[in-house]
Amino acid sequence: MWDYSEKVMDHFLNPRNAGEIENPDAVGEVGNMTCGDALRLTLRVDEKERIADAKFQTFGCGSAIASSSILTEMIKGLTLEEASKITNKDIAQQLDGLPPEKMHCSVMGMEALEAAINNYRGRPVEHEELEGTIVCKCFGVTDEKIERVVRENNLSTVEDVTHFCKAGGGCEECHPQINEIIQKVQAEKGVAVDTGTDQGRPKKLTNIQKMHLIMETIDREIRPGLNADGGDIELIDIDGDRVLVALRGSCAECVASSFTLKSGVEAKLKEFVSNAITVEEVEQ
Amino acid sequence: MKTVYVDNNATTRVDPEVFREMEPYFCDLYGNPSSMHKFGGQVAGAVKRARQQVATLIGADPSEIVFTSCGTESDNAAIWGTLHSYPQKHHIVTTRVEHPAVLTLCNHLMKQGYSVTELPVNHEGLLDLDQLRDAITPYTAVVSVMWANNETGVIFPVEEIAEIVQEKGSVFHCDAVQAVGKIPINMRKNRIDMLSLSGHKLHAPKGVGALYIRKGTRFTPFFIGGHQEHNRRGGTESVPSIIGLGKACELAMDHMDEEKTRVKAQRDRLEAGLLAKIPNALLNGHREHRLPNTSSLSFEYIEGEGILLLMSREGIAASSGSACTSGSLEPSHVLRAMGVPFTGAHGSIRFSLSRFNTDEDVDYILEKIPPIISRLRELSPFWKRRDRSAVL
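Going down the list, the protein sequences come from chains A and B.
Using the working numbering, the letters of the first sequence map in sequence onto residues 1 to 284.
Using the working numbering, the letters of the second sequence map in sequence onto residues 1 to 392.
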């Protein structure tokens, strides 16, 4: 069970301002069914640009409903200008905190509010998902959005990014790109990032360093597994990022060898040496 | 507060009779079954009896039963042990809907260079056996297919699969953790090579399981150590738990008819009642080829975590296949593999009954759930607009 604060449970069990304002002055909608959460925020705005009323409808888990509920309480009575300064951190704080895995619920609240304000100001409905290029294909999250959550919440790991905006929570293929974004933002801030093992490689390897790293990785990470099955691998040549290898022993006759090559050897070299590495089998 | 426990595929209550049987083996009969003295020897006798009880439930010979610490260990030992017994073979065939004990292991093995074929299922959660036959190659070391699915209760024709696997010359492992104790299993009448079971799914305690290894099947031990379990699993036996598992198997044998009569009738009444009372509710999985105790239902346009939290306030304990309850962001891999639409996949609830449930439990759930579903639908932006568009 999640360790929800009493406040989260209170707002989930007794949601404030649930529903829809008829003929609202502003509407903000974010999320969708596929992602598993969505929020529709409707506002009544008076002539002084003050939020006179706010209502929400939410599809999502307990903390998504609680985040939406408390957001409506926080913004009622504020001018649009004041409301626009609310961040996801403020929402989480008002709820006495959210479990790390649930931070994206507070981000959804902030985004719905922004969308509603933009809608009121007559700006085109902002499809933030579509600004920048998509990095996380599973959840449709762009580089700009990732950069923003990293910057605003001072995030330093891929796991954090996933908790805040879901990016990287599916097939995990985009983890290297998310890491690059984290490093970029942190570098701007002048913070040295302590990257984990799979990110710990130097930015630019010399050719000699690269060759050594490839040989080391094969010896340490790849060969023992193949040996255990009566196979072996021989490094034939390295041509830029092309690594030419020959499979030996039982691997040589194995029908699954092309698979071994791609999913085993190439994946390991990408992980430990460089993403650009491609592995080819040569007969020699 | 009243507790209505309908999460028996997650874990079960230890039957009080099982507990009584275990009690002496903590403080009084605490000897080591491997010891030479009589004090340990009497414990060895009790372990022997438990082995017989487990064997009887599944129609096996006691020598074919290896006690383990849990279902996950049994699955790991079977797959890992087979791969190491056939070092020239690098291929594993399994399904997309297996328990993480098998799927995560296969993913891990893939990173080590093994290749894995994950067979798809159709919208009712069933396999295509021709596809399974075609997937098995001379390099396939092991085929691992579950007997019954933990989320939907869907039963695979594993006895038929065992014939296919044998004909193709591979080893067949079956994760029967959800099936053992709920439906009859007779290893004398099938050709399954290895079968995993877990104690806490059939009213024995947590922390004990067993792996059935058919006589003559090649096996490399996963836990290496002492001579216990005929050199197939090192480590001092968890005696009280093993005694408990034995007793639980004996009781499961006695109650087997009840599972397919009383428990099934309660499940059917619960399911039919909810489907009748709640609009936009769907059954996940094949209606017939199913465990008698399991019902997976999707309530469209709402999210499962909210349903569970509100149910929990009424004392009802169940599970959800929604993303939010698992800590991952994707809904259940089982429902996704079946192609359950996202409108329903996020709002799936699994009810799993046991012989300890009563007719009153079913009445109580039927009374409490409909208002919970309506309440969350009132909050959902999709509910009122469901006929127009599912996506904002």
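Mixed in with the good hints, there may be bad ones.
Below, in silico cross-link-like pairs of lysine-lysine (DSSO-like), each with a Cα-Cα straight-line distance of 30 angstroms or less [said to hold, decoys possible]:
#1 Lys2(B) to Lys7(A)
#2 Lys7(A) to Lys368(B)
#3 Lys2(B) to Lys55(A)
#4 Lys262(A) to Lys111(B)
#5 Lys111(B) to Lys137(A)
Source of the hints: derived by calculation from the structure; they are not laboratory data.
Hint check results:
no.: 1; hint: Lys2(B) to Lys7(A); result: holds, 25 angstroms
no.: 2; hint: Lys7(A) to Lys368(B); result: holds, 24 angstroms
no.: 3; hint: Lys2(B) to Lys55(A); result: violated, 35 angstroms
no.: 4; hint: Lys262(A) to Lys111(B); result: holds, 10 angstroms
no.: 5; hint: Lys111(B) to Lys137(A); result: holds, 22 angstroms
Of the numbered hints given earlier, the model fails hint 3 alone.
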